[in-house]
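Participant: First to last, the sequence lines map onto chains A and B. Residue numbers 187 to 512, in the working numbering, belong to the letters of the first sequence in order. Residue numbers 7 to 439, in the working numbering, belong to the letters of the second sequence in order.
Source of the hints: derived by calculation from the structure; they are not laboratory data. Given the structure is predicted, the values throughout are model-derived calculations rather than measurements. All C-beta atoms in this analysis are idealised placements derived from N, C-alpha and C, irrespective of residue type, glycine included. A portion of the hints provided could be inaccurate.
To be verified - Label-pair restraints from in silico Cβ distances:
no. : chain 1 : residue 1 : chain 2 : residue 2 : range
1   : B       : Pro125    : A       : Val285    : 52 to 60 Å
2   : B       : Ala188    : A       : Leu265    : 42 to 50 Å
3   : B       : Thr55     : A       : Trp377    : 42 to 50 Å
4   : A       : Gly451    : B       : Gln351    : 23 to 31 Å
5   : B       : Arg68     : A       : Glu270    : 53 to 61 Å
6   : B       : Lys353    : A       : Ser327    : 28 to 36 Å
7   : A       : Thr441    : B       : Thr147    : 33 to 41 Å
8   : A       : Gly451    : B       : Ala188    : 45 to 53 Å
9   : B       : Gly296    : A       : Pro323    : 54 to 62 Å
10  : A       : Thr441    : B       : Thr55     : 22 to 30 Å
11  : A       : Val285    : B       : Glu425    : 24 to 32 Å
12  : B       : Pro125    : A       : Leu494    : 52 to 60 Å
13  : A       : Gln392    : B       : Lys353    : 38 to 46 Å
Unchecked claim - Distance condition first, Cα-Cα at most 25 Å in a straight line; then the derived PhoX-like pairs of lysine-lysine:
no. : chain 1 : residue 1 : chain 2 : residue 2
14  : B       : Lys435    : A       : Lys342
15  : B       : Lys302    : A       : Lys342
16  : A       : Lys422    : B       : Lys79
17  : B       : Lys348    : B       : Lys328
Unchecked claim - A short list of chain B residues far from chain A (calculated; beta carbon distances all over 10 Å):
no. : residue
18  : Phe265
19  : Val360
20  : Lys361
21  : Ala393
22  : Lys436
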Amino acid sequence: MTVVDKIAPEGNEAGARTPPRPTLRHRLSRWDVKVSPYLYIAPFFLVFGIVGLFPLLYTAYVSLFSWEAGDDAPDFIGLDNFKELFADTQFWNALENTVSIFLLSSVPQLIIAVLLAALLSARLRGATGWRVGVLLPYAASLVALGIIFANLFGPKYGLVNGLLQTLGLDPVDWQAGRFSSHAAIAIMVNWRWTGYNALIVLAAMQAIPKELHEAALIDGAGTARRFFSITLPLLKPTLVFVTITSTIGGLQIFTEPKLFDAMPGSNNGGSSNQFQTVTLYLYQTAFENYELGYASAIAWVLFVIIVLIALVNFFLTGRLAAVKKK
Amino acid sequence: MRTIRNGLVLALGITMTAFGLAACGGDDGGAPAASDPNAKVELSLATFTEFGYEELIPEYERLHPNIKITHRKTGQGGPYHQDLITKLAAGSGLADVTAVEEGHLSNVLDKGSKFNDLPEIGPADASPGRWLGWKYDAAKTKDGKVIGYGTDIGPLAMCYREDMLAAAGLPTDPEAVKPLFATWDSYFAAGDQYVSKTGGKAWFDSAAQNFNAMVNQLPTGYLGTDDKLALETNQGIKDAWTKVTGAVSKGQSAKLTAFSNEWNSGFKQGAFATKVCPAWMLGVIEEHSGPENAGKWAVTAAFPGGGGNWGGSYLTVPTQSKHPKEAAELAAWLTAPEQQIKAFQAKGTFPSQVKALEDPALLGETDAYFGGAKIGQLFAEQAKKVAKPQYKGPGDGQIQENASSPALQAVEQGKSADEGWTQLLDAAKKITR
Numbered sequence: 187m188t189v190v191d192k193i194a195p196e197g198n199e200a201g202a203r204t205p206p207r208p209t210l211r212h213r214l215s216r217w218d219v220k221v222s223p224y225l226y227i228a229p230f231f232l233v234f235g236i237v238g239l240f241p242l243l244y245t246a247y248v249s250l251f252s253w254e255a256g257d258d259a260p261d262f263i264g265l266d267n268f269k270e271l272f273a274d275t276q277f278w279n280a281l282e283n284t285v286s287i288f289l290l291s292s293v294p295q296l297i298i299a300v301l302l303a304a305l306l307s308a309r310l311r312g313a314t315g316w317r318v319g320v321l322l323p324y325a326a327s328l329v330a331l332g333i334i335f336a337n338l339f340g341p342k343y344g345l346v347n348g349l350l351q352t353l354g355l356d357p358v359d360w361q362a363g364r365f366s367s368h369a370a371i372a373i374m375v376n377w378r379w380t381g382y383n384a385l386i387v388l389a390a391m392q393a394i395p396k397e398l399h400e401a402a403l404i405d406g407a408g409t410a411r412r413f414f415s416i417t418l419p420l421l422k423p424t425l426v427f428v429t430i431t432s433t434i435g436g437l438q439i440f441t442e443p444k445l446f447d448a449m450p451g452s453n454n455g456g457s458s459n460q461f462q463t464v465t466l467y468l469y470q471t472a473f474e475n476y477e478l479g480y481a482s483a484i485a486w487v488l489f490v491i492i493v494l495i496a497l498v499n500f501f502l503t504g505r506l507a508a509v510k511k512k
Numbered sequence: 007m008r009t010i011r012n013g014l015v016l017a018l019g020i021t022m023t024a025f026g027l028a029a030c031g032g033d034d035g036g037a038p039a040a041s042d043p044n045a046k047v048e049l050s051l052a053t054f055t056e057f058g059y060e061e062l063i064p065e066y067e068r069l070h071p072n073i074k075i076t077h078r079k080t081g082q083g084g085p086y087h088q089d090l091i092t093k094l095a096a097g098s099g100l101a102d103v104t105a106v107e108e109g110h111l112s113n114v115l116d117k118g119s120k121f122n123d124l125p126e127i128g129p130a131d132a133s134p135g136r137w138l139g140w141k142y143d144a145a146k147t148k149d150g151k152v153i154g155y156g157t158d159i160g161p162l163a164m165c166y167r168e169d170m171l172a173a174a175g176l177p178t179d180p181e182a183v184k185p186l187f188a189t190w191d192s193y194f195a196a197g198d199q200y201v202s203k204t205g206g207k208a209w210f211d212s213a214a215q216n217f218n219a220m221v222n223q224l225p226t227g228y229l230g231t232d233d234k235l236a237l238e239t240n241q242g243i244k245d246a247w248t249k250v251t252g253a254v255s256k257g258q259s260a261k262l263t264a265f266s267n268e269w270n271s272g273f274k275q276g277a278f279a280t281k282v283c284p285a286w287m288l289g290v291i292e293e294h295s296g297p298e299n300a301g302k303w304a305v306t307a308a309f310p311g312g313g314g315n316w317g318g319s320y321l322t323v324p325t326q327s328k329h330p331k332e333a334a335e336l337a338a339w340l341t342a343p344e345q346q347i348k349a350f351q352a353k354g355t356f357p358s359q360v361k362a363l364e365d366p367a368l369l370g371e372t373d374a375y376f377g378g379a380k381i382g383q384l385f386a387e388q389a390k391k392v393a394k395p396q397y398k399g400p401g402d403g404q405i406q407e408n409a410s411s412p413a414l415q416a417v418e419q420g421k422s423a424d425e426g427w428t429q430l431l432d433a434a435k436k437i438t439r
C-alpha cells in the first residue's frame, strides 16, 4: 500500500509526464485501495448517523428548551431542565428503584447462570435439548410474559399468593410494597434472561482447554477446586461482558414495571411510584405530560449514567486482565 | 422556530410520512373538490375502541357516491390520544374526522385553534338543539368555538348485586333501593351497614371509581376557570376525599383497581356489592361476571348526588383537514339521531341527541343479563338529570389518572388519608406546573 502511495507525489499537476506513467488501471486500483474500505464501512456509519447520532444530538438540543408537545414556539431555557431534574425527588426515587431492581435481578441472575452453565457443560443425556431449553424463556414474547407475571403476582387472586396461603403463610400485596414489587419484577427479569446468559457463559466454559482440567485432575484437585481455580478465573472476561450487557439492559428496564402496574396503561410505577424506573418516568414525562424538553434531559442523564458505569466496567476489565498476566 | 417544528416532524418521521401520504392520496386540490360536486373526495375517520360505525360508513358512501371513507380504528383510548396530541403538534397526520374522548377533551380544547369551528363550516341542521345541552356545551372553547359534535354519552346509574344485598338484609327491589343511592352520605351509610352485617365484605370495587364520579359532579374540576390548580381551594373535592377515604378505612372498598386483571376476577368472585355504572359499564359487568352470575346484577335509576356523566366522545375536524366542509358533513351525519340509534344497536354506545333519547327503539331496549331491566329508558332518564357540563382545565384528565387515582390506591394500600392527600397535591402540582 505504501509503495503505491509514493508513486505520484502530491501536487504535481502534470502527473502524466512523471515516470513511471500511471495507467488508468493503475489509478483505479490505487483509488480502490484507498477508498474502498471507507465505502465498505460507510453504510454502518450512515445508518448510525441517521438513527443513532442524530436523535442523540437532537435530544441534547431539545433538552435546552421548555418544550411542550404542540408548542409553536418553545422557550430556550438553557440548562434549567437539568437543574430542575437534579432537585426532582421523583427522579432520584426512580433512579433508586432502577438500581435496586437491577441489583436484585443481575446478581442472582449471573450466579445462577454460571452454575447452570457448569451443569450444562457436564456430561448429560440429550445435552442439546437442555441447552435449547434454557433459552426458551428468552424466545417468549416480553409483553405476554409481563401480563402473565403480573397475574401471578396479583394481590388477591394471584397464583403466588394462593400458594403462600396454601402453605399457611400470609399473602403479600406485591404491588404495594417497595421491596416486594422490586423482587417480583426482578423475578420476571431473571426468568427471561438467566438462560440466555448461561449459554454465553457455557460457550466460554467450553473454550477452556481440557488439558488444564486434566492436569489439575492428576494433581488431585476435586470438582469444586477445579471450578474455583480454573473455570472461574478463565471465565472472567466473559463474565465482565455479561455484566456490562445486563447493566445496560437493567438500567433501561421498562416493559416489566409498566405491565406490573395494577392500573392498566399506567406509567406511575405503582400507587406512589414505588417501582417507577427512570425509563418509565422518561416515558411518562414525554408521552403523558408532553414535556419533551424535560424528558430529553432525563434521557441524557440516563445516557451519561450508563456511559459512566460502562467506563467503570471497562476499567475493571483492564484490572482483571492485568491480574491474569502475573 | 420554524426549523424546530420541522425537526420534530423529522424525528417523528416514519409513521407520519405514511399517514401524510394517505392524506394527500386522493385528489389534492381542495378548492376544486369543493366547487365540483362530482369530484371524488377521500375522507379519513379515526376512532378508538367501539363506535359502532362499521355499517354506517358503507351507507354514507352509498348516499354520497363522490365520497370515499377510510376508517382508522384503534383498540385502546390511551395510546390513541397520545398519538392525537403528537400529530396535532407535528401539524400533519390527523384524520379529517378525528374522535376525541371526553376525558381528553380539555387537552384538545386547550389547542382549540387547531380545530375548525363546526357551526361555521358544518351543515345547518346540526344545530345546538339536537344535543343535550351539557353535551354540546362541553365542546366549546373559551372563545366560543364549538370544535366537536357529540357522539355517545355515559349517563351514570348504580349497579348492585341483588343476592348480596339480600344476604345483608338490605332492600333489593329497584324502587326500594333508590333511597340507599340518593346521596353519597346515604350510599356510604348503607355501605357501613353492609360491611358490618356481612362480616367485613366490600361494598364497592375501588375508591377511585367513586371519587371520580363525585368530582365530576362539581361545577369545576381539579382546575379553576382560570386554568390554575384549585385543589386546595375547591372544598367539594376535599369533602369528596374525606368521604371516600373514610369509607375505605371502614372496609368498604374491595381495593380492586378498575380494569386491572384483579378487578376482572373480582366480578366473577363477587368481591363487591355495588358499582358506579355508566351506560357502557353494563357490557363490561356482563363480560367479566360471566353467565354463572346472570340475573344476580341489577341496575336502578338512581345515583348518589343526582346524576352524572362518565365517558362519551366527540367528532372533531382538525384544521389540518384538506376537506373540512365534507368532513364536517360526515361528522354531522354520523352524530344525527337516526345514526346514533343504529350505533347504539350495534355496539351499545348511548346516544346524546334529544330526539334519539325519545326514540321508541331506545326506550324499549331491555337487558336480559340485568333481569330484563328497561335500560334504554333508565339511562335516558339519568342523562336528563345531568345539570351542566363541568369546567375542566387542561391537564384535568392527567390529574385524575396520574394523581388522584394512584393516591387513593395508596390509601387503600395502607397510607393514611392525610398522606394520600399530600401525595395527590404534590402530583397534581407537578402535572400543572
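Participant: Does the Cβ distance between Thr55 (chain B) and Trp377 (chain A) fall inside 42 to 50 Å?
Facilitator: The hint (42 to 50 Å, Cβ to Cβ) is violated, given that Thr55 (chain B) and Trp377 (chain A) are roughly 33 Å apart.
Participant: Verify the CB-CB distance for Pro125 (chain B) and Leu494 (chain A) against the hinted window 52 to 60 Å.
Facilitator: 58 Å, holds
Participant: At the C-beta level, are Ala188 (chain B) and Leu265 (chain A) separated by a distance inside 42 to 50 Å?
Facilitator: Violated, since Ala188 (chain B) and Leu265 (chain A) (Cβ atoms, about 57 Å apart) do not stay within the stated range.
Participant: Using the beta carbons of Lys353 (chain B) and Ser327 (chain A), state whether their distance is inside 28 to 36 Å or not.
Facilitator: Holds, since Lys353 (chain B) and Ser327 (chain A) (Cβ atoms, about 29 Å apart) stay within the stated range.
Participant: Given the proposed pairing of Lys302 (chain B) with Lys342 (chain A), does the C-alpha separation stay at or below 25 Å?
Facilitator: 23 Å, holds
Participant: Is it correct that the beta-carbon of Val360 (chain B) has no partner in chain A closer than or equal to 10 Å?
Facilitator: Correct as stated: the minimum Cβ-Cβ distance to chain A is 34 Å, above 10 Å.
Participant: With a cut-off of 25 Å on the C-alpha distance, tell me whether Lys435 (chain B) and Lys342 (chain A) pass.
Facilitator: Since the Cα atoms of Lys435 (chain B) and Lys342 (chain A) sit roughly 33 Å apart, the hinted pair is violated (cutoff 25 Å).
Participant: Checking the smallest CB distance to chain A, is Lys436 (chain B) really beyond 10 Å?
Facilitator: The assertion about Lys436 (chain B) is violated, with a minimum of 7 Å to chain A.
Participant: Could you say whether the range 54 to 62 Å given as a hint is met by the Cβ separation of Gly296 (chain B) and Pro323 (chain A)?
Facilitator: Cβ of Gly296 (chain B) to Cβ of Pro323 (chain A): about 32 Å, so the range 54 to 62 Å is violated.
Participant: Can you tell me whether the CB distance of Arg68 (chain B) to Glu270 (chain A) sits inside 53 to 61 Å?
Facilitator: Because 57 Å falls inside the window, the suggested range holds.
Participant: Given a hint of 22 to 30 Å, does the C-beta separation of Thr441 (chain A) and Thr55 (chain B) actually sit inside it?
Facilitator: Given about 23 Å between the Cβ atoms, the range holds.
Participant: Is 24 to 32 Å a correct range for the gap between the Cβ atoms of Val285 (chain A) and Glu425 (chain B)?
Facilitator: Holds, at about 25 Å.
Of the numbered hints stated above, those contradicted by the structure are hints 2, 3, 8, 9, 13, 14, 16, 17, 18 and 22, listed in ascending order.
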